[in-house]
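*Asks:* Listed below are the residues making up each chain.
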Amino acid sequence: EPEVTQTPSHQVTQMGQEVILRCVPISNHLYFYWYRQILGQKVEFLVSFYNNEISEKSEIFDDQFSVERPDGSNFTLKIRSTKLEDSAMYFCANPKGASGGYTFGSGTRLTVV
Amino acid sequence: QKEVEQDPGPLSVPEGAIVSLNCTYSNSAFQYFMWYRQYSRKGPELLMYTYSSGNKEDGRFTAQVDKSSKYISLFIRDSQPSDSATYLCAMSQSGGSNYKLTFGKGTLLTVNP
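Protein chains in written order, with the working numbering: chain G, 1102 to 1214; chain V, 231 to 343.
Below, simulated BS3-like cross-link-like pairs (lysine-lysine); rule was C-alpha separation at most 30 Å, straight line: (1) V:272 to G:1179; (2) V:335 to G:1179; (3) V:335 to G:1197; (4) G:1184 to V:335; (5) G:1158 to V:335; (6) V:286 to V:232; (7) V:272 to V:232; (8) V:330 to G:1179; (9) G:1197 to V:272; (10) G:1158 to G:1179; (11) V:272 to G:1184; (12) G:1143 to V:297; (13) G:1158 to V:300; (14) V:297 to G:1158; (15) G:1197 to V:330; (16) V:272 to V:335; (17) G:1197 to V:286; (18) V:286 to V:330.
Note that these hints are calculated values from the structure, not bench results. Every value quoted in this text rests on a predicted model; they were computed, and no experiment measured them.
Given only the sequences and the hints, what does the whole structure look like? Please build it.
*Replies:* Okay, structure coming up:
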């Protein structure tokens, strides 16, 4: 089955620093999502991205967050000035299409200290 | 009332037992229902995807949806130690490729040999 690849697997950063999380989606997919999961909490929707534009974002996805497709294949999630409460697992995902559901990446664990 | 509620467990069963996992929801607009399995610090993996009310079976797994009661279930027959994981229910208002998921908090299952 096609995979969604995320790097790094673990990132530790100091509060106030910028972080960039990277994802290589299933090739040729136009739809793309970012979710996050704070330890012990639900997986939460952050943003959906379609054809190089944000199509929907949650209230979590404030001005500190941005998503880009810098080179036509990779996707990035940038947090400009990290806060302690940004510590979480961040997952990117592609929809599976007709068969339903998503393929999730293995996630990036972000720790803000 | 939370949009999706799921008993977090933990649930511990002996190998070979039948496992029943459940979620309730409040938003009657949800039409598509999924179950994901998540191993520790990994991305969710799709197990079952169903549309509207009814049953769906795939090997040892059976998903049931009762929209009138806003209640979904996942049954695992002949449970194995390898089934030990966190099981997440998820649902969406639309299908295809452009939709966001709303997750339950997950139920931690341990199957003891």
